[in-house]
Amino acid sequence: GAVVSQHPSRVICKSGTSVKIECRSLDFQATTMFWYRQFPKQSLMLMATSNEGSKATYEQGVEKDKFLINHASLTLSTLTVTSAHPEDSSFYICSARPLTGDPYEQYFGPGTRLTVT
Amino acid sequence: TQLLEQSPQFLSIQEGENLTVYCNSSSVFSSLQWYRQEPGEGPVLLVTVVTGGEVKKLKRLTFQFGDARKDSSLHITAAQTGDTGLYLCAGARGAGKSTFGDGTTLTVKP
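First to last, the protein sequences are chains A and B.
So the first sequence is numbered by our numbering: it starts at 1 and just counts up by one.
So the second sequence is numbered by our numbering: it starts at 1 and just counts up by one.
Calculated from the structure, these hints are not laboratory results.
Every residue, glycine too, gets a C-beta built ideally from N, C-alpha and C.
Check before you lean on any hint, since a few could be wrong.
To be verified - Using 35 Å as the maximum straight-line C-alpha spacing, the simulated DSBU-like pairs for lysine-lysine come out as follows:
{"#": "1", "chain 1": "A", "residue 1": "LYS41", "chain 2": "A", "residue 2": "LYS14"}
{"#": "2", "chain 1": "B", "residue 1": "LYS59", "chain 2": "A", "residue 2": "LYS14"}
{"#": "3", "chain 1": "B", "residue 1": "LYS109", "chain 2": "A", "residue 2": "LYS64"}
{"#": "4", "chain 1": "A", "residue 1": "LYS20", "chain 2": "B", "residue 2": "LYS59"}
{"#": "5", "chain 1": "A", "residue 1": "LYS55", "chain 2": "B", "residue 2": "LYS70"}
Said to hold, decoys possible - Sample of chain A residues lacking proximity to chain B, with all beta carbon distances greater than 10 Å (derived):
{"#": "6", "residue": "ILE12"}
{"#": "7", "residue": "LYS41"}
{"#": "8", "residue": "GLY61"}
{"#": "9", "residue": "GLU105"}
{"#": "10", "residue": "VAL116"}
Unchecked claim - If you anchor each label on the Cβ, the simulated ranges turn out as follows:
{"#": "11", "chain 1": "B", "residue 1": "THR107", "chain 2": "A", "residue 2": "SER15", "range": "44 to 52 Å"}
{"#": "12", "chain 1": "A", "residue 1": "SER18", "chain 2": "B", "residue 2": "GLY40", "range": "17 to 25 Å"}
{"#": "13", "chain 1": "A", "residue 1": "ASP27", "chain 2": "B", "residue 2": "LEU58", "range": "20 to 28 Å"}
{"#": "14", "chain 1": "A", "residue 1": "ARG113", "chain 2": "B", "residue 2": "VAL28", "range": "31 to 39 Å"}
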């Protein structure tokens, strides 16, 4: 149980275009999903907390107009990187916190490797 | 800011050796999680500890939560090459966001 998927797993886009990444909890409902960014050999950097039916809460330094988050249902959150630039190239990972059960735990998706050329 | 410091940052050992990874903070956490991440994949939850002084075992892995719930350790006995990966600790205060440590990159050589 507690499986989270991400799509796509890898994406290459041209500078200036937008890319949407989906995060789905496959076998549980999640009111809260988190979006992280990770650079090679480094830890996870929280970008935003996404709550179903409400606006996302962004961490300091993260541009909300550039990283659009939509959490339309209890099993789906999307992250759209708008007007992508090469410096946005990174590994993006989402996680989901189950609606029921342990309130502290979160389950991670497999990540999306974004390369902006 | 709640900071979690992990040590060591990098660890390279031979198969069969034992190792301990530490996760320390000046803040008290409601719970602490340990994750293991392989390159190109998302972190996988290993354990959650919530009670001060708690010890949990997962095969060759032993996790301990400090009495004051500010620190934790992960001990691996007789490491195997399959244990290679990035180990992350994460502390939570209530049901809010978690604070992640900087990670420990473990390499187990055959």
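Going through the hints against the structure:
1. A:LYS41 - A:LYS14: 25 Å, holds
2. B:LYS59 - A:LYS14: Measuring from Cα to Cα gives roughly 46 Å; hence the hint is violated.
3. B:LYS109 - A:LYS64: 43 Å, violated
4. A:LYS20 - B:LYS59: 39 Å, violated
5. A:LYS55 - B:LYS70: 32 Å, holds
6. ILE12: Given that every Cβ of chain B is farther than 10 Å from that of ILE12 (chain A), nearest at about 15 Å, it holds.
7. LYS41: The assertion about LYS41 (chain A) is violated, with a minimum of 6 Å to chain B.
8. GLY61: For GLY61 (chain A), whose nearest Cβ neighbour in chain B is about 13 Å away, the distance exceeds 10 Å, so it holds.
9. GLU105: 6 Å, violated
10. VAL116: Check passes; 18 Å lies beyond 10 Å.
11. B:THR107 - A:SER15: 44 to 52 Å: Once the Cβ atoms are compared, 35 Å apart, the range 44 to 52 Å for SER15 (chain A) and THR107 (chain B) is violated.
12. A:SER18 - B:GLY40: 17 to 25 Å: 24 Å, holds
13. A:ASP27 - B:LEU58: 20 to 28 Å: 22 Å, holds
14. A:ARG113 - B:VAL28: 31 to 39 Å: 36 Å, holds
When the structure is compared with the earlier hints, violations turn up for hints 2, 3, 4, 7, 9 and 11 and for no others.
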